[in-house]
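Top line first, the protein sequences correspond to chains S and L.
With positions in the first sequence counted from 1, the corresponding number in my numbering is that position plus 1006.
With positions in the second sequence counted from 1, the corresponding number in my numbering is that position plus 1006.
By construction, these hints were calculated from the structure, which means they are not laboratory data.
Since we're looking at a predicted model, the values are computed, not measured.
Warning: the hint list may mix true and false statements.
No farther apart than 20 Å at their CA atoms in a straight line, the calculated lysine to aspartate or glutamate pairs in the EDC-like style are these [unchecked claim]:
(1) S:Lys1156 x L:Asp1152
(2) S:Lys1332 x S:Glu1177
(3) L:Lys1222 x S:Glu1243
Residues on chain L that point at chain S, a partial pick, calculated with CB under 7 Å [stated by the list, open to error]:
(4) Leu1133
(5) Ser1137
(6) Glu1216
(7) Phe1233
From the three backbone atoms N, C-alpha and C, an ideal C-beta is built for every residue, glycine too.
2 protein chains.
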Amino acid sequence: MLKIAIDAMGGDFGPEPIIDGLIAALRINTAFSAIAVGRKEELLKLIPPEYLRRIEILDCNDVISMQDHATDALKRKDSSIYQAIELVKNGQADAVVSAGHSGASMSLATLRIGRIKGVTRPAIATLMPTSENQNTLVLDVGANVDCDEKNLFEFAVMGQIYAQDVLKLDEPIIGLLSNGEEESKGNEVTRAAYELLANSQIKNFAGNVEGSDIFKGTVDVVVCDGFIGNILLKTAEGVADTIGQILKKNLKRSLISIAGAVLMRKVFKSLKVRVDYAEYGGAPLLGVKAPVIIAHGKSNPKAIKNAINQAISAASSRLEQDIEDKLAKYRNF
Amino acid sequence: MLKIAIDAMGGDFGPEPIIDGLIAALRINTAFSAIAVGRKEELLKLIPPEYLRRIEILDCNDVISMQDHATDALKRKDSSIYQAIELVKNGQADAVVSAGHSGASMSLATLRIGRIKGVTRPAIATLMPTSENQNTLVLDVGANVDCDEKNLFEFAVMGQIYAQDVLKLDEPIIGLLSNGEEESKGNEVTRAAYELLANSQIKNFAGNVEGSDIFKGTVDVVVCDGFIGNILLKTAEGVADTIGQILKKNLKRSLISIAGAVLMRKVFKSLKVRVDYAEYGGAPLLGVKAPVIIAHGKSNPKAIKNAINQAISAASSRLEQDIEDKLAKYRNF
Chain S
1007 MLKIAIDAMG GDFGPEPIID GLIAALRINT AFSAIAVGRK EELLKLIPPE
1057 YLRRIEILDC NDVISMQDHA TDALKRKDSS IYQAIELVKN GQADAVVSAG
1107 HSGASMSLAT LRIGRIKGVT RPAIATLMPT SENQNTLVLD VGANVDCDEK
1157 NLFEFAVMGQ IYAQDVLKLD EPIIGLLSNG EEESKGNEVT RAAYELLANS
1207 QIKNFAGNVE GSDIFKGTVD VVVCDGFIGN ILLKTAEGVA DTIGQILKKN
1257 LKRSLISIAG AVLMRKVFKS LKVRVDYAEY GGAPLLGVKA PVIIAHGKSN
1307 PKAIKNAINQ AISAASSRLE QDIEDKLAKY RNF
Chain L
1007 MLKIAIDAMG GDFGPEPIID GLIAALRINT AFSAIAVGRK EELLKLIPPE
1057 YLRRIEILDC NDVISMQDHA TDALKRKDSS IYQAIELVKN GQADAVVSAG
1107 HSGASMSLAT LRIGRIKGVT RPAIATLMPT SENQNTLVLD VGANVDCDEK
1157 NLFEFAVMGQ IYAQDVLKLD EPIIGLLSNG EEESKGNEVT RAAYELLANS
1207 QIKNFAGNVE GSDIFKGTVD VVVCDGFIGN ILLKTAEGVA DTIGQILKKN
1257 LKRSLISIAG AVLMRKVFKS LKVRVDYAEY GGAPLLGVKA PVIIAHGKSN
1307 PKAIKNAINQ AISAASSRLE QDIEDKLAKY RNF
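Take these sequences, add in the hints, and give me the full structure.
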């Protein structure tokens, strides 16, 4: 039976939504058990007794807060995120979910669990919604601000394998994010990455794609460096928020539009489902030796439940082995 | 009286929307005249005789199409864009507007009109809408894919002066696009640009801003390289389109939402005005010795009219002199 470690303390709203999400996950999936890492006394109050059979508690007192530096995390061995990662490192858990300090989770995962053979730098992948019934996996969205072409090549391989093994897509197509579709487009690093990918044995490399392609679903996996990935994520959030706010402001101006808005509430609600991160759960850190799912600090129970499901899917797949094998096979530099 | 040169042939829909836009501009502003560059015979058919007093036609036969390479433009001296730029170079016009091949317009403007003293690379600036009643000027959005910190420094100075002299903003605030607000954030080039800006005498440098800040209107001017600028522009367009499409699809599903949508049409229409590029007209190429406004290839008459107004505002300002003076004053490297 799979065992999932969960940092129960790291989220912005404390342990309650995390434990609630964990219980929701246990309720629908009887094939796993969990180790909740955090202050035992607090956690015991939140767990209904009938779930204590399937939730072990690993007591520890320290919590890395959002204000702390990622580098501190390595020294604070009694913190919930350190201990949760250590469970995976020691083979006591198969995967880990954290809604805590994402920099700390990344550093600890990379240094304690370790990188897959052939991976220079792990990358964070996230799903973006499209107007079709599918999502686009984008990586890296924040782990590495300065990347060379070899890093981007590895991201492409890791993203494709995640899309295949965990998202269960058939022959996922990769695009390289650039400032135009033509082969000649791109900055220096992107053009070099294009060369590496085009001359490798990797399948289904569709060449360059543009920012708008992410939301059209032109390809399944979009590759970029973590600096650009962060900017595009925040830009997308900003545009969506702004459109929402402009609509809201204009709505207030006329009674007739208020009537319209009431009628359209259902539509907006279904739209929210499409763009809501809680639907996807968390972002996998790809390239480390075991599944690490980084959830949003503001995760509600639903987001945590979905993050745990992602961890289970990843832990039940051949993700890490496939990344190692394919990197060895495709690499030509 | 100001004289504006306009490439009448370069747009995706031929000369008609361009001449219509020019006439609309002449109608509301009696203080300028124009030189329309293109096939005289075609243009004469589109210009009402009473406007021929204020529109000179410069006859030329060649047109650079979107499929041509920007580098070809330098050799094809009988093309409408070449001739329009040449009018400014020779002092026969004060500014130029083109809806044609933007790469060709940029190269010709840079090489024929020439760079302002102190400018290493001209940059394209564009306005993005916010939820408040203001816009954010973003540059570079496509002229330069690989930039160093000195280029970004110059973009900051040029953007601030354009916001002040042409957009008439009082003490415009500059932000540097990065993956977080803290000083320590950024890739190598961005961190170096931060240093240059923070240690210069430039006023109102607000430090790093994130992708979402563009649409919140946190600052007036956002600086990035042209690779990232292109990606964020396309990402913003993609998100807006996708939200529109998801809404539309969902609307079709229920009668009640159709009723709502009819009532909300006014709201959507006013939203469209906020995000419609036609409202802004075109994107100025900053850093060349005379105003060059690059309009969208798909410009309608309204967009052309607004692009001409931008050219007039820029040509009536101290833009180029201020850029030269301020670059000399602020530069500390």
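Legend entry - Pairwise hint evaluation, aspartate 1152 of chain L against lysine 1156 of chain S, where the allowed Cα distance is 20 Å at most: Holds. Lysine 1156 of chain S to aspartate 1152 of chain L sits at ~18 Å (cutoff 20 Å).
Legend entry - Pair hint outcome, lysine 1222 of chain L versus glutamate 1243 of chain S [Cα-Cα no greater than 20 Å]: Answer holds: lysine 1222 of chain L to glutamate 1243 of chain S is near 11 Å, not above 20 Å.
Legend entry - Restraint check for lysine 1332 of chain S with glutamate 1177 of chain S, where alpha carbons must lie at most 20 Å apart: Holds: lysine 1332 of chain S and glutamate 1177 of chain S sit about 14 Å apart, inside 20 Å.
Inset, instruction - Please verify that hint: glutamate 1216 of chain L, Cβ, nearest Cβ of chain S, below 7 Å or not. - result: holds, 5 Å
Legend entry - Proposed interface contact between phenylalanine 1233 of chain L and chain S, which counts if any beta carbon pair is under 7 Å: holds, 4 Å
Legend entry - Residue hint leucine 1133 of chain L, partner chain S, criterion CB-CB below 7 Å: violated, 14 Å
Legend entry - Hinted contact serine 1137 of chain L with chain S - closest CB pair below 7 Å: This hint holds: serine 1137 of chain L lies near chain S, its Cβ roughly 4 Å from the closest one there, short of 7 Å.
When held up to the earlier numbered hints, the structure conflicts with hint 4 and nothing else.
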